[in-house]
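From first to last, the protein sequence lines are chains D and B.
Per the working numbering, the very first residue in the first sequence carries number -6; after that it's consecutive.
Per the working numbering, the very first residue in the second sequence carries number 2; after that it's consecutive.
No lab work stands behind these hints: they were computed from the structure.
Any given hint could be a false lead.
Unchecked claim - Listed next, the in silico DSSO-like pairs over lysine-lysine satisfying Cα-Cα at most 27 Å (straight line):
no., chain 1, residue 1, chain 2, residue 2
1, B, K111, D, K276
2, B, K47, D, K188
3, D, K276, B, K110
4, D, K96, D, K181
Said to hold, decoys possible - Here are the computed distance ranges between Cβ atoms for each label pair:
no., chain 1, residue 1, chain 2, residue 2, range
5, D, L176, B, L60, 32 to 38 Å
6, B, S77, D, F107, 33 to 39 Å
7, B, F161, D, F115, 35 to 41 Å
8, B, S6, D, A158, 31 to 37 Å
9, D, F115, B, R210, 38 to 44 Å
10, D, I162, B, V165, 52 to 58 Å
11, D, W180, B, K47, 44 to 50 Å
12, D, R97, B, F161, 53 to 59 Å
All residues carry an ideal CB built from backbone N, CA and C; glycine is no exception.
If you want the building blocks of each chain, they are given just below.
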Amino acid sequence: MKLRMPRIRPFEIVNGGFMLLLCFSILYPFWDMLITSFSSPADAMKLGFTLVPDWDSLTTDAYVTIFKEGRILTGYTNAIFRSVVGTVLMVLVCTAAAYPLSKRHLPYRRGILFYMVFTMYFSGGMIPTYLLIRNLGLIDSLWALILPSVAVVFNIILIRNYIMAVIDISLEEVAQIDGANPLVIFWKIIIPLSKPVLATVALWSMVGHWNEWFQAMLYTSSPDKQVVQLMLRKLLIESSQQDIQRFADMAGLKTIRSPESLKAAFLYLTITPIIIVYPFLQKYFIRGIMLGAVKG
Amino acid sequence: MAKRSLAGNLVHYRYFYLMLVPAIVLLFVFNYMPIYGIVISFQNFKLLKGVWGSEWVGLTNLLSLFNKPSFLTALSNTVVISLLRLAFSFPAPILFALLINEMRPGRFKKYVQTVSYLPYFVSWVIVSGMVIQVLSQRGLVNALIDLFGGQKINFIGDPFWFMVVLIVSGIWQGVGWGSVIYLSALAGISRELYESAHIDGASRLQQARYISLPGMYPMIIISLMLTISNILNAGFDQVFNLYNPSVYRVADIIDTYMYRLAFRDVGGTNYSLATAVGLFKNVVGFTLLYFSNRIVRRFSDYSFW
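This is chain D alone, in the form it adopts within the complex:
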């Protein structure tokens, strides 16, 4: 086929200009926050907006103050704990459920699927769930943030569809003849061969856990159980004077004249992990959507 190079139409220029504007509108707030985070918490912030910062006035004071105060480390530890443990459990439980459901001959399969899918359309809601967590004694425990999202029906269906569409059954049969029971086949064949879809759901889960703050707000209260996202909310949205004063004390400042820089630095410390994995995220998230679109 011959490659043709059509001339540029006026529409394309308008469209391109629009896209540039859109990209600017998305990137500017991130840039603005970045500059703010490198301004000094001790000085009042300059008014107006800046595209190019005053390079000489940039300082890492805000970041230093946050690490000196130190509670962010607790927030990181807890957030990493819930993300990693929550994700590993979710992948294991969901794959273990998906594999049997991929067997067309499994008796009661339809009933079990209905039992699962029903929960996608009807839920108890905020308060009954909260009371349940209370009754289970999980209040102020990180497990309250993990256990409710271990069995994710959407992921089970996604993994099941993948297994049905992609994994070669004859491989399983060979293993069966060799005397392996389904548990061994699950561990040795199904999990390794499902890696692409598992990577997708694992990333979904990680990002979900990292960004989650509402359950953390409802279920945890003591300072050593806080996750970083909730700490950020207290500082950024609620503008907690108590938090700001604690930072001031740590930095040896009488007052913080520009809490914006602390807020912005805390914000960057919260999203940096996401930004680092963003290139992978994008790829795997999109792959996941495509997998989801393949109807099973």
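Could you slot chain B onto chain D? The hints should help.
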């Protein structure tokens, strides 16, 4: 193969059922038990007395909601916000997908897509924090308004502008990611269709209208059904992180109302009443999904079940 009894099946497929046990148990505990917990909406629930000791009041809670001006305000706010989203936020990713589709393949197109997905991956805590900063008295937008000699606007505190902020920031956050499913539909359209249309003299606009858009119909219909059945979900994460008492009049939605009813004092914490709100929301959502699915099934091949 001979038909086995229940016990025979359980024994024969024991490994498979064993693998299903964790998911079934977890769903029972964390999804079905809260559904059972809805019974407290028919009680005058007291934490100390528990579900078994609390007094039964039948439909009193559910009915009393409709005599509460605060609930009715939250309900109408929710519907208004959802309808605004249906009008503006719903078509946005479809349009965006069409525009992306018109771009030449290359680095710029990839770059735009990558950037447009970014806001989806950060939480509403962060998005709201940035929105508040950019729209603050000394943020970018007010600086521009000032530059052109306009009056600075209190975006977050003024009810009208708050609604604008809600809708626009919603689009800002979701338009890129929302377009992915539509782009995947567009990718499935055969090139030949466009080529023969081109030969027949169809303009690019006509090609978009008569080839690209119909190619996205299945996805559009499914998202439309989801959007309609979610009419009582006006976006808790977003509203909760953006709103403040000065805009409660327009911004308090069912979910935020329910939250404050249960966990903050709006005339005493009331778990039963808040659960009744949740039940109402759930029943409406389920009903809307059921009927929109029936309607869609009557007119097309695309439906959930």
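Hints and how they fare:
At most 27 Å may separate the alpha-carbon atoms for a hinted pair to count; K111 of chain B and K276 of chain D meet this at roughly 12 Å. Distance hint between K47 of chain B and K188 of chain D is unfulfilled; the C-alpha atoms sit about 48 Å from each other, more than 27 Å. Restraint check: the Cα-Cα separation between K276 of chain D and K110 of chain B comes to about 15 Å, which is no more than 27 Å; the hinted pair holds. With a C-alpha separation of about 17 Å, the suggested pairing of K96 of chain D with K181 of chain D holds against the 27 Å cut-off.
Separation of L176 of chain D from L60 of chain B is about 49 Å and departs from the stated range, judged on CB atoms against 32 to 38 Å. For the pair S77 of chain B and F107 of chain D, the supplied restraint of 33 to 39 Å holds, since their beta-carbon distance comes to about 36 Å. Evaluation of the 35 to 41 Å hint for F161 of chain B and F115 of chain D yields a pass: the beta carbon distance comes to about 36 Å. Taking the beta carbon of each, S6 of chain B and A158 of chain D are about 33 Å apart, inside 31 to 37 Å as hinted.
For F115 of chain D and R210 of chain B, the Cβ-Cβ distance of about 39 Å falls inside the hinted range of 38 to 44 Å, so the restraint holds. For the pair I162 of chain D and V165 of chain B, the beta carbons lie near 55 Å from each other, so the given range of 52 to 58 Å is met. Here the CB-CB span from W180 of chain D to K47 of chain B is close to 49 Å, well matched to the stated 44 to 50 Å. Between R97 of chain D and F161 of chain B the CB atoms are about 57 Å apart, so this pair conforms to the stated range of 53 to 59 Å.
Of the hints listed earlier, those the structure fails to meet are numbers 2 and 5, in rising order.
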